[in-house]
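Given chain C, work out where chain W should sit, using these hints.
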Amino acid sequence: MNDTVTSQTRKFMTSRPLQKKQIVIDILHPGKVTIAKTEIREKLARMYKTTPNVILVFGLKTHFGHDTTTSFGMIYNSLDCKKKNQPKHRLSRHGLCEQKKISRKQQKERKNGMKKVRGTLNSRRIINFKKK
Amino acid sequence: MAAPGMLESDLSNAVTLLKNLQEQVMAVTAQVQALTKKVQAGAYPTEKGLSFLEVKDQLLLMYLMDLSHLILDKASGGSLRGHAAVLRLVEIRTVLEKLRPLDQKLKYQIDKLVKTAVTGSLSENDPLRFKPHPSNMMSKLSSEDEEEGEAEDGHSEASGKKSVKGVAKKYVPPRLVPVHYDETEAEQEKKLLERAKRRALSSSVIRELKEQYSDAPEEIRDARHPHVTRQSQEDQHRINYEESMMVRLSVSKREKGRRKRAHVMSSQLHSLTHFSDISALTGGTARLDEDQNPIKRKKIPKKGRKKKGFRRRR
Numbered sequence: 001m002n003d004t005v006t007s008q009t010r011k012f013m014t015s016r017p018l019q020k021k022q023i024v025i026d027i028l029h030p031g032k033v034t035i036a037k038t039e040i041r042e043k044l045a046r047m048y049k050t051t052p053n054v055i056l057v058f059g060l061k062t063h064f065g066h067d068t069t070t071s072f073g074m075i076y077n078s079l080d081c082k083k084k085n086q087p088k089h090r091l092s093r094h095g096l097c098e099q100k101k102i103s104r105k106q107q108k109e110r111k112n113g114m115k116k117v118r119g120t121l122n123s124r125r126i127i128n129f130k131k132k
Numbered sequence: 001m002a003a004p005g006m007l008e009s010d011l012s013n014a015v016t017l018l019k020n021l022q023e024q025v026m027a028v029t030a031q032v033q034a035l036t037k038k039v040q041a042g043a044y045p046t047e048k049g050l051s052f053l054e055v056k057d058q059l060l061l062m063y064l065m066d067l068s069h070l071i072l073d074k075a076s077g078g079s080l081r082g083h084a085a086v087l088r089l090v091e092i093r094t095v096l097e098k099l100r101p102l103d104q105k106l107k108y109q110i111d112k113l114v115k116t117a118v119t120g121s122l123s124e125n126d127p128l129r130f131k132p133h134p135s136n137m138m139s140k141l142s143s144e145d146e147e148e149g150e151a152e153d154g155h156s157e158a159s160g161k162k163s164v165k166g167v168a169k170k171y172v173p174p175r176l177v178p179v180h181y182d183e184t185e186a187e188q189e190k191k192l193l194e195r196a197k198r199r200a201l202s203s204s205v206i207r208e209l210k211e212q213y214s215d216a217p218e219e220i221r222d223a224r225h226p227h228v229t230r231q232s233q234e235d236q237h238r239i240n241y242e243e244s245m246m247v248r249l250s251v252s253k254r255e256k257g258r259r260k261r262a263h264v265m266s267s268q269l270h271s272l273t274h275f276s277d278i279s280a281l282t283g284g285t286a287r288l289d290e291d292q293n294p295i296k297r298k299k300i301p302k303k304g305r306k307k308k309g310f311r312r313r314r
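Which chain is which? The protein sequence lines are C and W, in order. For the first sequence, my numbering assigns the number 1 to the initial residue and increments by one for each residue that follows. For the second sequence, my numbering assigns the number 1 to the initial residue and increments by one for each residue that follows.
One should not assume that every hint holds.
[What the hints assert, rightly or not] In silico DSS-like pairs for lysine-lysine, Cα to Cα no more than 25 Å straight-line:
hint, chain 1, residue 1, chain 2, residue 2
1, C, K21, C, K61
2, C, K49, C, K21
3, C, K88, C, K111
4, C, K61, W, K260
5, C, K100, C, K115
6, C, K84, C, K21
7, C, K61, W, K115
8, W, K256, W, K308
9, W, K56, W, K98
10, C, K131, C, K116
11, W, K260, W, K210
12, W, K48, W, K37
13, W, K308, C, K11
14, W, K112, W, K56
15, W, K308, C, K21
16, W, K308, C, K61
17, W, K253, C, K61
18, W, K48, W, K115
Calculated from the structure, these hints are not laboratory results. Keep in mind that this is a model prediction, so the values were computed, not measured.
In isolation and in its complexed conformation, chain C is listed as follows:
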């Protein structure tokens, strides 16, 4: 990172049950676009002496008219903790999880189809068999 970009952490909190540390990061980047999440992760890894793959950064918000961005960060004790405790969409943004992309239309059609049918799959098979 260049010298022109400075970051400051606030509201540091350790959460033992969730095995993580959470912070609020203020980044000053005069004359630049919003910093990418990967770069912020690397910076945090250097600050807290861990690898970047246990760090999660989300919720970036750049203040309109100013050159500052506020974001949230979570540093986990291990990759497993991170995988367990975070929602899938965040993990997929970091490349750890693949989310199934069923289109919205398909989901709704399936749901409406299920409304017409009663009972579990096995019981339905039995009933059909008996009918025949």
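Below, chain W without anything else, positioned relative to chain C:
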């Protein structure tokens, strides 16, 4: 040798002292015998008196008896070591010592009783004389009625009786049903005017006038933001919530509009030329700011609302 000389002078002293002792002992015995005769005759009844004092009497008598026993033994040449009377004396002494504070507390009462017994009446400035007079607690109105009743001829007794009866009736509390209070238009206007006046008094124009004419030294304060609007307070609340909960809240269209309007108002050079509204003091027409006169919306019942989560302004 000096010893026999001393003994001789001591001897004469001792003889005189012993004679004195003998006389005094005779006097004391006479008195004690007189007392015992009187007590046996029942001249000092102590049944209705203070039992505390009686206990004290008995204890003192016992003390005297033990003491005389000891003196007797010692005078006849016996030793006092391990004497049973010594222990008894010690016991009585301790009890008397413990009674002393009680005695002090009762001193006032006893003195007063004795004085009453002696003089036969209470003194003039005795607080006991100032007891409450329930007749003075009757209401003044009834007493007035009574007086009026008495002034009239032929009706005095009847009205007197009536008023007395009215006083003696049982108190029945009035049955009042709580009614909803709707502010009238006039009252609402008055309230708004009051608020506007207060706001105008604390506006920058009036404050500068005050500073100009007052003798107090000028204060320069490092203020965060002199105009803390409702919008800015809400923004601060929102930011605090977001940072503590580590979530990003969505902004509704209404909220966006409000923010935009507030931002536009503050970013223009409007505040340079348009001072705060002091029309409440000068009597002109009022300029309405959204901040000061928020549109009131219907309140949603608090019971259904959950406490969790971010409370938005609708």
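Do the hints match the structure? See the list:
1. With a C-alpha separation of about 20 Å, the suggested pairing of C:K21 with C:K61 holds against the 25 Å cut-off.
2. Only pairs whose Cα atoms come within 25 Å are accepted, and C:K49 paired with C:K21 is accepted, the gap being roughly 13 Å.
3. This hinted pair checks out: C:K88 and C:K111 have alpha carbons roughly 22 Å apart, not beyond 25 Å.
4. Restraint check for C:K61 and W:K260: the C-alpha separation of about 18 Å stays at or below 25 Å, so the hint holds.
5. With a C-alpha separation of about 23 Å, the suggested pairing of C:K100 with C:K115 holds against the 25 Å cut-off.
6. For the hint pairing C:K84 with C:K21, the CA-to-CA distance comes to about 15 Å; that is within 25 Å, so the pair holds.
7. Restraint check for C:K61 and W:K115: the C-alpha separation of about 93 Å exceeds 25 Å, so the hint is violated.
8. Taken as a hint, the W:K256 and W:K308 pair is honoured in the structure, with Cα atoms around 23 Å apart against an allowance of 25 Å.
9. A hinted pair counts as satisfied when its Cα atoms are at most 25 Å apart, and W:K56 with W:K98 qualifies at roughly 11 Å.
10. Restraint check for C:K131 and C:K116: satisfied, since their Cα atoms lie roughly 18 Å apart, inside the 25 Å limit.
11. Distance check on the hinted pair: W:K260 and W:K210 sit about 35 Å apart at the alpha-carbon level, beyond 25 Å; violated.
12. Between W:K48 and W:K37, the direct Cα distance comes to roughly 21 Å. Compliance with the 25 Å bound is thereby established for this hinted pair.
13. The hinted pair formed by W:K308 and C:K11 meets the criterion: a straight-line CA distance of about 21 Å does not exceed 25 Å.
14. At most 25 Å may separate the alpha-carbon atoms for a hinted pair to count; W:K112 and W:K56 meet this at roughly 19 Å.
15. Distance check on the hinted pair: W:K308 and C:K21 sit about 23 Å apart at the alpha-carbon level, within 25 Å; holds.
16. With a CA separation close to 24 Å, the supplied pair W:K308 and C:K61 stays within the 25 Å bound.
17. With a C-alpha separation of about 18 Å, the suggested pair W:K253 and C:K61 falls inside the 25 Å cut-off, and the hint holds.
18. Pair hint W:K48 plus W:K115 holds up; C-alpha atoms about 17 Å apart against a cutoff of 25 Å.
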